[in-house]
Each structure stands twice: as C-alpha cells, then as structure tokens.
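Participant: For reference, the chains in residue letters:
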Amino acid sequence: AQSVTQPDIHITVSEGASLELRCNYSYGATPYLFWYVQSPGQGLQLLLKYFSGDTLVQGIKGFEAEFKRSQSSFNLRKPSVHWSDAAEYFCAAGWSNTGKLIFGQGTTLQVKP
Amino acid sequence: DGGITQSPKYLFRKEGQNVTLSCEQNLNHDAMYWYRQDPGQGLRLIYYSQIVNDFQKGDIAEGYSVSREKKESFPLTVTSAQKNPTAFYLCASSIDGTSGNTIYFGEGSWLTVV
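Order-wise, the sequence lines are chains A and B.
Read left to right, the first sequence gives residues 190 to 302 (our numbering).
Read left to right, the second sequence gives residues 2 to 115 (our numbering).
Hints are not guaranteed to be accurate.
[To be verified] The list that follows gives simulated cross-link-like pairs (lysine to aspartate or glutamate, EDC-like), each with its CA atoms no further than 20 Å apart:
hint: 1; chain 1: A; residue 1: 238; chain 2: B; residue 2: 97
hint: 2; chain 1: A; residue 1: 289; chain 2: B; residue 2: 60
hint: 3; chain 1: B; residue 1: 58; chain 2: B; residue 2: 97
hint: 4; chain 1: B; residue 1: 72; chain 2: B; residue 2: 39
[What the hints assert, rightly or not] Reference listing, derived: stretches of chain B covered by chain A, where coverage requires no fewer than 3 residues with Cβ under 8 Å from a Cβ of chain A:
hint: 5; stretch: 69 to 82
hint: 6; stretch: 103 to 110
[Said to hold, decoys possible] Partial pick of chain A residues on the chain B-facing surface, computed with a CB cut under 7 Å:
hint: 7; residue: 221
hint: 8; residue: 232
hint: 9; residue: 233
hint: 10; residue: 235
hint: 11; residue: 237
hint: 12; residue: 244
hint: 13; residue: 272
hint: 14; residue: 292
hint: 15; residue: 293
hint: 16; residue: 295
hint: 17; residue: 296
None of these hints come from the bench; they were simulated from the model.
Idealized CB from N, CA, C, for every residue including glycine.
Produce the complete structure using the sequences and hints provided.
Facilitator: Okay, structure coming up:
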C-alpha cells in the first residue's frame with residue numbers, strides 16, 4: 190500500500206542552526222512529492238514540490254528538498270532556521286494511478302532562541 | 002482575491018445533531034477535497050470531487066456526506082453517525098484531480114462536540 194512516513198514527530202533546533210526534516214514514501218513508482226507547512230489553527234501552505242528533473246528543489250522561505258530515489262526519500266532542509274519557522278510540516282505524495290495525495294503524520298518544529 | 006473560504010471557523014455540535022461545514026472556492030478549480038486532521042495522525046481524506054455532480058469516498062467517509070451541485074461549492078455534512086467528530090476539518094482544491102497538481106487549502110474549521 191502507498192504510504193508516507195515522517196519519522197520525527199517533534200524536532201527542536203536553535204535559531205540559526207540548520208534543519209533537516211525527513212520524509213520517506215513506500216510503493217515502487219516515483220510519486221509526485223510535496224512539502225507543506227501549517228501554522229497553528231491554520232490551513233496548509235505549499236513550500237515546494239518535485240515532479241521530475243533536478244532532484245534538488247528550491248521552495249519558498251529559504252527551504253529546499255532533495256529527492257533520493259535509492260532511499261525513497263524527500264527530505265526538507267534549511268541552512269539557518271528563524272523563529273518564525275516554528276510550525277508543523279507535512280510531507281505528501283501523489284501517485285498517478287490514484288489521483289489522491291497521501292500525507293505523512295507531520296513533524297512539529299520548535300525553535301529555541 | 003482568489004482562494005478557498007471555509008465557514009464557520011468554530012462550530013459546536015450537540016450529540017445526535019447533523020452539522021454542515023461550508024467550503025467555497027473562486028479559483029475555478031475542478032477538484033475539491035475534504036480532509037480531517039487529528040493530532041499525530043496527519044491529514045486523512047474524507048471525500049473528494051473531481052467534477053460537478055460527482056464525488057468519491059476517501060479513506061474515512063463513514064458518518065460524513067457531501068454534495069457538489071456547483072463548481073465553486075463543496076459542503077461537508079457531519080452526521081450523527083460519525084462517532085468521534087471533534088477535529089479540525091480542511092477543505093482543499095486543485096485544478097483537476099490528477100495527482101501531480103498542487104492542492105490548495107482553506108483555513109480550516111474546528112468542530113467540537115459538546
């Protein structure tokens with residue numbers, strides 16, 4: 190069955206430190222991949238997406254993600270975290286044979302001053 | 002401004018009552034979705050519609066119903082059959098229902114059973 194896993198439920202980093210949020214997907218075919226961010230009590234905002242081509246994808250707010258087919262991963266990175274990055278982050282994948290988007294469980298990011 | 006509007010933001014329901022959450026979009030998108038969000042469980046798909054007058058069950062459709070009479074509107078009814086309806090509900094839309102398209106979200110509605 191198709192699934193998306195975010196292994197880290199909660200991550201705390203210091204402001205200015207680098208960040209990496211992990212995302213893995215199951216199922217053999219390469220999906221379309223997305224990262225969304227959600228502030229408390231709000232909807233989700235798209236950070237970036239990968240369809241094909243260059244495996245390093247640039248997004249908004251200084252985020253980037255790298256697709257690694259061999260590891261079935263699509264990890265989100267930021268070189269220097271700001272306090273305003275504290276939020277919940279969701280990885281999602283869509284396979285062309287289903288037409289649906291499957292979300293991971295989410296990772297809550299806390300930023301220490 | 003183009004976007005997805007959900008109302009109400011907060012809703013309280015008594016046991017045994019049906020309630021309807023509104024979702025309107027002016028993005029001219031064909032596909033619309035309803036997700037339920039519970040802490041630690043991510044987003045789960047309730048229903049989706051790829052075109053007017055057509056919709057499909059998602060992963061957790063039991064106790065919910067929808068209609069799609071207009072392209073811009075996709076209301077969700079939480080019926081009394083839904084055993085545990087307290088959650089955050091998100092409406093979303095995309096240009097069409099193919100999996101490569103970006104899904105855009107509304108601001109969500111909180112439903113609490115009292």
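Participant: If a hint holds in the structure, say so; if it does not, say that too.
Facilitator: Results for each hint:
no.: 1; hint: A/238 with B/97; verdict: holds (17 Å)
no.: 2; hint: A/289 with B/60; verdict: holds (10 Å)
no.: 3; hint: B/58 with B/97; verdict: holds (17 Å)
no.: 4; hint: B/72 with B/39; verdict: violated (28 Å)
no.: 5; hint: 69 to 82; verdict: violated (count 0)
no.: 6; hint: 103 to 110; verdict: holds (count 7)
no.: 7; hint: 221; verdict: holds (5 Å)
no.: 8; hint: 232; verdict: holds (4 Å)
no.: 9; hint: 233; verdict: holds (4 Å)
no.: 10; hint: 235; verdict: holds (6 Å)
no.: 11; hint: 237; verdict: violated (10 Å)
no.: 12; hint: 244; verdict: violated (17 Å)
no.: 13; hint: 272; verdict: violated (22 Å)
no.: 14; hint: 292; verdict: holds (4 Å)
no.: 15; hint: 293; verdict: holds (6 Å)
no.: 16; hint: 295; verdict: holds (5 Å)
no.: 17; hint: 296; verdict: violated (10 Å)
Comparing the model with each earlier hint shows violations of hints 4, 5, 11, 12, 13 and 17; every other hint is respected.
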